[in-house]
Amino acid sequence: MSLISVAPLVIILLLLISSFVLPFLKKPIKTSLPILGALTLYAWIHGLTYLGKDMYTIQAGHAEPPFGIALRVSAVEIVIGLLFMTVTTLIIWFSAQQFHREVGEKQQKTFLVLVHLLVASLLGIVYTQDLFNGFVFIEVSTLAACGIIVVKNKADNIKAAVKYLILSSLGSGLVLMGIAYLYALTGYLDMNYIHEALVPIASEKSRMILISMVLFMTGAGIKSALFPMHIWLPDAHTAAPGASSALLSGLVIKAPAVYFLKVCVMVYGYNMINQTAFLQLILLFSGTGMIVGSLFARTQKNMKRMIAYSSVAQMGYIFFGIGLGTPAGMAIAVYHMLGHGVTKATLFLVASTFIDKLKSYELSSLKGVGREMPFEMAVFTLCGFSMVGIPILPGFISKWNLALATIETGQVWLLAIILVSSVLNAAYYFPVTINGFFSDEEGLKPNDNHVAKAPLAVLTALLVLLGALSGPILKLIEAALT
Amino acid sequence: MTIIIQNVVRLIVPFILMFGAYVTVYGHVSPGGGFAGGTILAAALILERFVGINRKWSLNKSTCLKGVSFSLVGYGILKGIAFLEGAMHIELIHWPLGQPGALFSAGIIPLLNILIGLVVMMAFVLLFDLFNEDLAGEDH
Amino acid sequence: MRLTVSIFVAVCLAVVLLVGIVDFPEFGAANNPAHNEVMEKYIEEGVKETGAVNLVSGMILDYRAFDTFIESIVFFTAVISVFAVLKGGKIL
Amino acid sequence: MSILLDNFIEVGSIILFAIGFTTLLVHNNLIKKIIGLNIMDTSIFLYFISIGYIDEAHAPIFKEGVVQYVNPVPSGLMLTGIVVAVSVTAFALALTIRLHSIYGTLELDEIMKMREENI
Chain A
593 MSLISVAPLV
603 IILLLLISSF
613 VLPFLKKPIK
623 TSLPILGALT
633 LYAWIHGLTY
643 LGKDMYTIQA
653 GHAEPPFGIA
663 LRVSAVEIVI
673 GLLFMTVTTL
683 IIWFSAQQFH
693 REVGEKQQKT
703 FLVLVHLLVA
713 SLLGIVYTQD
723 LFNGFVFIEV
733 STLAACGIIV
743 VKNKADNIKA
753 AVKYLILSSL
763 GSGLVLMGIA
773 YLYALTGYLD
783 MNYIHEALVP
793 IASEKSRMIL
803 ISMVLFMTGA
813 GIKSALFPMH
823 IWLPDAHTAA
833 PGASSALLSG
843 LVIKAPAVYF
853 LKVCVMVYGY
863 NMINQTAFLQ
873 LILLFSGTGM
883 IVGSLFARTQ
893 KNMKRMIAYS
903 SVAQMGYIFF
913 GIGLGTPAGM
923 AIAVYHMLGH
933 GVTKATLFLV
943 ASTFIDKLKS
953 YELSSLKGVG
963 REMPFEMAVF
973 TLCGFSMVGI
983 PILPGFISKW
993 NLALATIETG
1003 QVWLLAIILV
1013 SSVLNAAYYF
1023 PVTINGFFSD
1033 EEGLKPNDNH
1043 VAKAPLAVLT
1053 ALLVLLGALS
1063 GPILKLIEAA
1073 LT
Chain B
2 MTIIIQNVVR
12 LIVPFILMFG
22 AYVTVYGHVS
32 PGGGFAGGTI
42 LAAALILERF
52 VGINRKWSLN
62 KSTCLKGVSF
72 SLVGYGILKG
82 IAFLEGAMHI
92 ELIHWPLGQP
102 GALFSAGIIP
112 LLNILIGLVV
122 MMAFVLLFDL
132 FNEDLAGEDH
Chain C
670 MRLTVSIFVA
680 VCLAVVLLVG
690 IVDFPEFGAA
700 NNPAHNEVME
710 KYIEEGVKET
720 GAVNLVSGMI
730 LDYRAFDTFI
740 ESIVFFTAVI
750 SVFAVLKGGK
760 IL
Chain D
15 MSILLDNFIE
25 VGSIILFAIG
35 FTTLLVHNNL
45 IKKIIGLNIM
55 DTSIFLYFIS
65 IGYIDEAHAP
75 IFKEGVVQYV
85 NPVPSGLMLT
95 GIVVAVSVTA
105 FALALTIRLH
115 SIYGTLELDE
125 IMKMREENI
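Read top to bottom, the protein sequences are chains A, B, C and D.
Numbering of the first sequence is given in the working numbering, commencing with residue 593 and proceeding in unit increments.
Numbering of the second sequence is given in the working numbering, commencing with residue 2 and proceeding in unit increments.
Numbering of the third sequence is given in the working numbering, commencing with residue 670 and proceeding in unit increments.
Numbering of the fourth sequence is given in the working numbering, commencing with residue 15 and proceeding in unit increments.
No lab work stands behind these hints: they were computed from the structure.
No incorrect hints appear here.
Computed beta-carbon distance windows for the label pairs:
{"#": "1", "chain 1": "C", "residue 1": "GLU695", "chain 2": "D", "residue 2": "VAL80", "range": "18 to 24 Å"}
{"#": "2", "chain 1": "A", "residue 1": "TYR862", "chain 2": "B", "residue 2": "TRP96", "range": "41 to 47 Å"}
{"#": "3", "chain 1": "A", "residue 1": "ASP948", "chain 2": "B", "residue 2": "ASN8", "range": "57 to 63 Å"}
{"#": "4", "chain 1": "B", "residue 1": "GLN100", "chain 2": "D", "residue 2": "VAL80", "range": "16 to 22 Å"}
{"#": "5", "chain 1": "A", "residue 1": "LEU887", "chain 2": "C", "residue 2": "GLU695", "range": "48 to 54 Å"}
{"#": "6", "chain 1": "C", "residue 1": "GLU714", "chain 2": "B", "residue 2": "ILE91", "range": "17 to 23 Å"}
{"#": "7", "chain 1": "D", "residue 1": "LYS46", "chain 2": "A", "residue 2": "ALA1049", "range": "47 to 53 Å"}
Being a predicted model, the structure only gives us computed values, none of them experimental.
All C-beta atoms in this analysis are idealised placements derived from N, C-alpha and C, irrespective of residue type, glycine included.
Can you make the complete structure from the sequences, with help from the hints?
In structure tokens, the structure reads:
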């Protein structure tokens, strides 16, 4: 094993250790940004070396699974890990230039410490192969995510954080109960070993297994804002500062979904999940979420709230892919996480720029803004196109493949949900763009022109690249999931 | 607080601290460990704060945060090396295991227990101080 | 009203979770699936491999040390988050 | 029916779990919600530890001549679980203190009704 192959473990450890030192530095951003950048580079070197190769495990400590804890490295973990590292670095780079407006100079230190902890824990959730280890990482990420919501310290933020904390503690309680059920049945905590022990007793203990599945789904669903459990999300995303909402919407709600996907694929396996009514339950929730989330987004007046409700709809797509119960569906779920992660992070950053410059939360204030801030509005438009599903962009690719995978499973009527949801997406993203560029009204004038354009440009380039390279990426992910 | 309570607390706190230290340090040979020991230590220090005893050496917030952070850095480096050794299947440092049951045995486990004990104690004291300060500020 | 709702929810949840009770392993039996080779290795080789007589200590600080490390980080995260809430986001 | 009596600890912990869950969802008072959260967590710890119990076995501290020990894994895992629960409780209490100082009440539905401007 070389130093490159153990990159995920080293990245997690270095992020954690650096977060302990950051509180004592005078200018934490000057340390934090280089660390994040270097680790992102390291992650890319590791990713490009091992993408397409066989999956392997990194054991943390001398004991191999099932006695110790191991991290699993396959295409799924690598791409999601790269997404997390890259998007975080870009968000921090972007917000480094406007901390004084968004978060406040004094809160910057807290914010950066929490971001380091958050990213490390998210990477841990994605990479871990041990159910209980994943639970502990989920708890760290919950606390850190609450921290970055309250860092602005307004009354709204505290309210949103209380809602989020209570609901997600409920979710982690349910996940822990699911782990307890599986441990009582098998005596293992490592995902592969649980699977091997579950297969022989699947028909005999079917009730307990089904209950544990539902517990995992509800727990991860609360944290990932699956439709009926999404009520914390709009408040939290609206109240948080711009960089925090980009992190929350782009990354934090993805990690529990990855955990859930890994539980479905590795712990239960395709056979076991396809034999129960469990998948229909996920399809029901996610299908409703796709439509209702879009409908709610259509009625919002507040820019950030609209994008937040759009996240609810998009998480519906991800769970829809998982709910199909085939390798193709799971692969699209992972691909959609990538596309949505980049797009939503960019949208929130652009929205926070608009709010900052125009001093208004209202969607109507965007009228005519395209003439004053053409670059930002163009980025917003491109992201909106991706959400709606204009060809070549990631949103289109995942919708197209989702439709194909749906036909493959024989549930053709589900296509209607995807279509209706896409039309609804168009109904709330297009008016913003049209008003922004073509409205005759004189819009609000931006108060100054200094915006960090480079990170936004990189994010947009990533978005286009993701769409262009969708074929090989999907193939790699699907190969890892079969 | 009355003088009786203060004097009684003054009398028993050293014993509680010693018990906490014992539980922490002997965590690998008897029931206990860093988490349990750290909680006992923190309980003793919080008891002092409750009855209003201010000793010269009592921990302030800045010391506590520094203690938590640097204990965790030490812990992270000690254990991080062990994780990497396991991941890369090499052995960089060999810690002698010693005679099971003795105080100086079990490699780095006693050291880790002490570090965890410090983290838990200082984190609890810090949390108590923060809560206490905020609530006291609200009353006035 | 609130009382009725709460009792209803509690009963429903308990019934759903207890449906699985027929599948529960027998309480206290030594041959339960949870007592497998993982536990045997921790007990039989724990003292030899880690040197700790307290088997739980040996397990959490050696075999499953990654968990314990993250566990102590939960404390740190809580402390920093409490600073964010109570001190207006300022550390010290 | 006999399994309900034999596994009484599991059954009890599931009932406690339901009570905690309901307290968390139905009560409006934040402190009561936090109490519900702790009841729920504790019930899971109880359930987990009961999985590891073996009749007439010794505590997992190595001693010459003892054959049967209790399963040490659930005990170790729940140590982690307890620490996590403590940290979440501490953070929730901090948020409660802040909310009380802003709004002067702990009833969540009243707080949600209040607009920020009215304070």
